[in-house]
Every structure is written in C-alpha cells, then in structure tokens.
Amino acid sequence: MLRDAMDQAKLAGATLHNFHGGLQLRHNKRISCELPIERAAPAERFYVPLLQQSGQEAQPIVAAGQHVLKGEAIGCVEHLGSGYLHAPTSGTVSAIGTHPISHPSGFDGRCVVIEPDGLNQWTELHPVDNWQQADPDVLRQAIRSAGIVGLGGAVFPTAHKVDEASRRGIHTLILNGAECEPYISCDEMLMREQPASIILGARILQRAVGARRTVIAIEDQMGAVHQALQHALRESAAAEIDIVKVTTIYPEGGEKQLIQVLTGLEVPSGGRPTDLGLLCQNVATATAVARAVTEGKPLVERIVTVTGSGVRRPRNLLTPIGTPISVLVEQSGGYADDAARLVLGGPMMGYALASDDNPVIKAANCILVLSSDEIRPPQPEMPCIRCGECARVCPAVLQPQQLQWTVRHGLWDETVSAGLADCIECGCCDFVCPSHIPLVEWFRHGKSELRRLEAERLAADSARQRFEAREARLDRLKQDRRRRMEEKKRALGDGQEKQKRIADAIERARSRRQENP
Amino acid sequence: MFTAVILFTVLGSLLGLGLGWAAQKFRVETDPVVDRIDALLPQTQCGQCDYPGCRPYAEAIASGEAPINQCPPGGEAGVRALADLLGLEPLPLNPDNGQEQPRRVAVIDESACIGCTLCIQACPVDAILGAAKRMHTVIEAECTGCDLCLPPCPVDCIAMVPRQSPWVWPQPGQNARLAASANVRTAQAGGG
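First to last, the sequence lines map onto chains L and G.
If you count by the working numbering, then the first sequence holds residues 1 to 517, one letter each, in order.
If you count by the working numbering, then the second sequence holds residues 1001 to 1192, one letter each, in order.
Isolated chain L (complex conformation):
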C-alpha cells in the first residue's frame, strides 16, 4: 500500500488532481507586479527580533557596543537545529533591548539593535567550492549555518527539513511557486526576475537530499513566470526539472494541498511529505539556498511585497531582516489618505500590526495596507446554523463547525481527535461563514492552548519523575544507615564481651582526657 503510494508520488505533476474545498478569490496581485524588485532603502536603525518563528527565542551572541559585519552571526537558535541569526548590515550593536516585534500577540520582544555604519560590508564568506561535487553533508551544513528557514510563511528551519529528507530518502523535490494568497507577489516577482537562481537552488537542494527530480509548481495565472523559468531551465540544461502549472484555487499553495494536486495523494494526518518520498520547499527558500552555497551568504534579506490600496505605489522590495516597516511603506509612496489597517501577511492568513515601527522578520512575505473600504465591516457574531459551508470549503477536510464548538468549550480531547492539528489556518471557513464566526481565530487559540497544556503535562511528568527518584534515593540512604548501625551493633558482640568492650572504650576515653586536659 505504502509502496504503491510512493510509486504514485514519483509521478508528481504528470497529471493534476483536485483537493477538497478551497475558494476562488480575486487575485489582486497585478498592482504590486508593475514595478521591478528594488532594494529597500537603508534604514537608520535595524531591529532584528530574536524571536523569528513560533517557539524558541534565539540566544544573542553579541554584546552591546560590539561592531558586527553584514552576515555575522548575532544569535543562535537551538530549536530544531535552526542555526543562526545574522546581522543584516555592518554596524554597531547599540543595544539588545525590547522593541515591538512582528508577532500576533502585539507584545514587545527582545531585539538586537544595529546602528549601520553605512558601509554594508560583508563578513568573511565561506562558499562551498564546486557544489556539483560536494558531499551532500557539506551542502546541508551550509544551509544550516546560513540560518535558512522556509520563506513561504511557515518559517520552519530548512536545515531540519532537509536533514530529515536525506535521512529518510526522497525521490522528488517540489518547489512551491504557487503563491496562492491574494495580493502577495514576492515569489511571482522572484521567479520572473531571478529564475536562474531558483533553478540553481533546486539543483543544489536536489543534491543535498538525494532527490532524483524536481517539480516547480506555479499558478496558471502567472504568465511571464512560466516563460522566464523555461528560459532559465533551457540555459541550465537541467533535464530533471519540470515546471507544472496548477489551477489557481486558494489555498493550492499550501504544502499538503499542493502535494495532493500534483500526486493525488494526501499526506497522512500527523505525517510529513517525506512519508511519500517528497520534500516541499518554497521557491524563495531555494534562492536562499543557492546564495548560501555558492556565495556563502547567510539569509539576511528577503523580498517583501508592499501592497494594498492603502499605499500609493505597491511594489516588491528586497529587504534586510530588521528593517522597520515604515521604511518600506515610505519607499512605496507612503500611505494613501484612506489607509486604515496594516497587516503582516496576506488578507486570508495575515494578522494586523499595531504599528509600522515593527521590523521585517524572516516570515514577512507581505505588508498589506488596507484602505477603509477594503476592510470588511465588523459583523456581530451569530450562532452557528450548521449549514456546513465551512466543511465544504475546508481544504483539510475537517468539520470546522464541530471543531469551533469543541475549542470554545475547552473539550481538548475531542478537539484533538477532531483533527485540529491538521487545520492549516487558511481562513476559507471564516470567509464563507454566514454567521460571521471567527473560526480561524478560535482554531489558533485552540492550537496554542493545546501547546500550553502539553507543556504543562511534560512539566508535571518531569516533576513526578524527579519526586519519585528523590523518594527512592532518600529511602536507599535510610536503608544504608540502618544497615551500618546494625553492622556496628553486630561487631560489638553480646553479653560479657559487649560489656568489656564498652568498659574498655570508656577507659580509653578517660585516659586520653587525663593525658591532654
């Protein structure tokens, strides 16, 4: 059975399939595709948040006052071996302090603050010589030390994914260029302008994980992209790479949905694409890999789409991590008069930001500025009428109406068995709900509540173990003490002998006292 699935997965892209649900959305990408990608204007100060992804904060490995060069490691993340955080420019670390960070909590977080010296000077770079012949281990190590994470939005450490893929063995690499969320166009522009680096990244990744072929998936509405990639492909003469156009139905660019479209197979619940012999990476991640291996440059910048009718000149900007969002908005012509809401990410999965002081993080694919008439007016939430629309559009084939009920009432066991972990937070259910129930927000709440409960359970288990180990140790010590007492008693003997020994001991003590009064 599993073998059959593997064989079927090998044909990825040969025929296209459908996934359950999804929505046809207005694309709204063209407005940000009219200007070429430009380098973001240098910021006066960079704020590199130590928390770049959900989970663990990086440990700073620089001190205030220290001079750093661009690309120098400034933080170390232990979580899943995601490697390092690097300085986006050369300059002086002026502080490691709190600053608003781009996080849905809206809280401040610790940031490494860098005052640029204006030279933008790279640190010593260590590219991999002749990657075509290099050991795959060396390539994976280069990916790890470059601090590369998935740039599609999930920011999962690429090194971890690649290591797992190479350990388990995969046959096909899928490069995800199906950027499905409305407004976002950073991947589209990247594929249009730098197709060669994507092809190069694909070939390096293929070697690093031992895949035999690569499928680059793009949306069928991206006309210029297909030509650009075809052209780059012909030039590189890489025969093992195919470009596949997939139908534009949101969210076909989700990892599991894309795999289903390309292979007709579902990634099992709780499983990984590697179960089917596949590895899925975003196209921008492939470019970052190419840069890390052939130039030795760590991930210090990414392309960010600045768009929405709240900015005057929507565009894509190559932005150093840590650049304040206000710099990008400024470069995109500034806010339009009716700009009303600042969103990080797209309209379906993004979250609103409190301020444009927030810095760009590795996950920031899009800065969306909405004008007041683009925002859906807040609607009072009504009771669920069980119409089932949400289940019809759910790409993960869940029952959102049921899930929101279990999450709302804190029925965590039921929530887990109803498959909350498989929710990709795409927002389709939210969008179609006639009762305006904020379903995805409930699911995000539920997921983080479950994570908290799990952490508490682990802590309790650890406390139980430590308590039991301590009890066992105290008991052992008590036994030891009793045994020693008994041995002494036995050594003393009994009857007359015992009396004599005691008398002798008293006599010895008395004579010693008389000798040294």
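Any given hint could turn out to be false.
Said to hold, decoys possible - Which residues of chain G face chain L? A partial, calculated answer using Cβ under 8 Å:
hint: 1; residue: Gly1053
hint: 2; residue: Val1168
hint: 3; residue: Trp1169
Unchecked claim - Computed list of chain G residues with no C-beta within reach of chain L, every gap over 12 Å:
hint: 4; residue: Gly1020
hint: 5; residue: Pro1032
hint: 6; residue: Pro1067
hint: 7; residue: Glu1089
hint: 8; residue: Gln1099
hint: 9; residue: Asp1109
hint: 10; residue: Gly1115
hint: 11; residue: Leu1118
hint: 12; residue: Gly1130
hint: 13; residue: Ala1132
hint: 14; residue: Thr1137
hint: 15; residue: Pro1151
These are calculated hints, taken from the structure and not from any lab test.
Small disclaimer: the values here were computed from a predicted structure and weren't measured.
Cβ coordinates follow ideal geometry from the N, Cα and C atoms, glycine included.
We have chain L; now place chain G onto it with these hints.
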C-alpha cells in the same frame, strides 16, 4: 458419568493452576486507578493536601480515605477532572488546604544566601542546586512552586515570583489591542 466427573475435576484444577500462575506472573504491581488519579494531579509535590506528595494523595483518594478537594495547585479544574474520573460530585476547594493561585517559581537572592543546604533538602523535586557554604540556585524549569523551601531558610532569602506563562493566542474578541485577522472585503469569491 464417572469419566465426566474425573475429566472436569482434572480440567478444573489444571485451569485453576494456570490462572493462579498467571495471576502471580503477570501481577500488576500498582493500582491503575492510583496512576490515573496521579496523572490528573499537578505534581507540585507541595503537601498542601496533608499528604507527603501527589502520589500519596492519589493513593489516599483511591482508597476513599481523602476527599478530592484538597489540592489547591490543581484548583477547581483539577477537582472537576477528578470528579469526572471517579464519578463523584465536584466539591469546592477545601479552604483549610490553601487557596488556588497562579503558578510561581522560587528565586533565591544569591547575595543573601549563606549556603546552609536546608532548602536543598526540603525541595521535593531536587530543583535547587548548591553545596554547603556555597551559593544555592533554583533550576527554574524544574521548580514546581511548592513553597516548601521557604520555611527552612534561616536568612529568608527565597522569594516566590509568578511564573511567566507562555503567550496563548487569545480567544476571539479578547484581544482589544489588535483585530488579529485581516478581514478583507475585496478578497471576495469570484474570478480574478
């Protein structure tokens, strides 16, 4: 008829022996009910329930010796979970055992610590590190916030501070600062 009686006697005694052997061989050492109760207790090991740790309290509950409302760290939610498990009516927390409070962690004022090791001996989960006449410190991740290190400290250098709980995505409508989802009107269904 005689054969049948003999046959069944022999069969019965053989099966009986088999069962007896299996009962010895595969005996479950602990009472699984105790384990299930123990799994619901917060493992603070604070002794506020009047038993020397969570497991002894679990044993007392299982034997019907103790009521289920003596665990302040578990709180009302803990009492409800125990009531569900045991099919009992939930009771309000017994105020004699203490109040439910947020999770806390012990912090030693390291400049005042004289290195007497008394707190190390009192800690039920070995979460304090140090040696005689050397400064002691709390392993924060392992501290259950049980307060047991406070009374023995001769210089009163241990404080209980609230433990910073991880951020949890708020329930919809509870985050006044932000409307977390973008809620765009133009991303309407319908062609591109």
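Hint by hint, here is what the structure shows:
| no. | hint | verdict |
| --- | --- | --- |
| 1 | Gly1053 | holds (6 Å) |
| 2 | Val1168 | holds (5 Å) |
| 3 | Trp1169 | holds (4 Å) |
| 4 | Gly1020 | holds (31 Å) |
| 5 | Pro1032 | holds (16 Å) |
| 6 | Pro1067 | holds (21 Å) |
| 7 | Glu1089 | holds (20 Å) |
| 8 | Gln1099 | holds (20 Å) |
| 9 | Asp1109 | holds (24 Å) |
| 10 | Gly1115 | holds (21 Å) |
| 11 | Leu1118 | holds (15 Å) |
| 12 | Gly1130 | holds (16 Å) |
| 13 | Ala1132 | holds (17 Å) |
| 14 | Thr1137 | holds (16 Å) |
| 15 | Pro1151 | holds (18 Å) |
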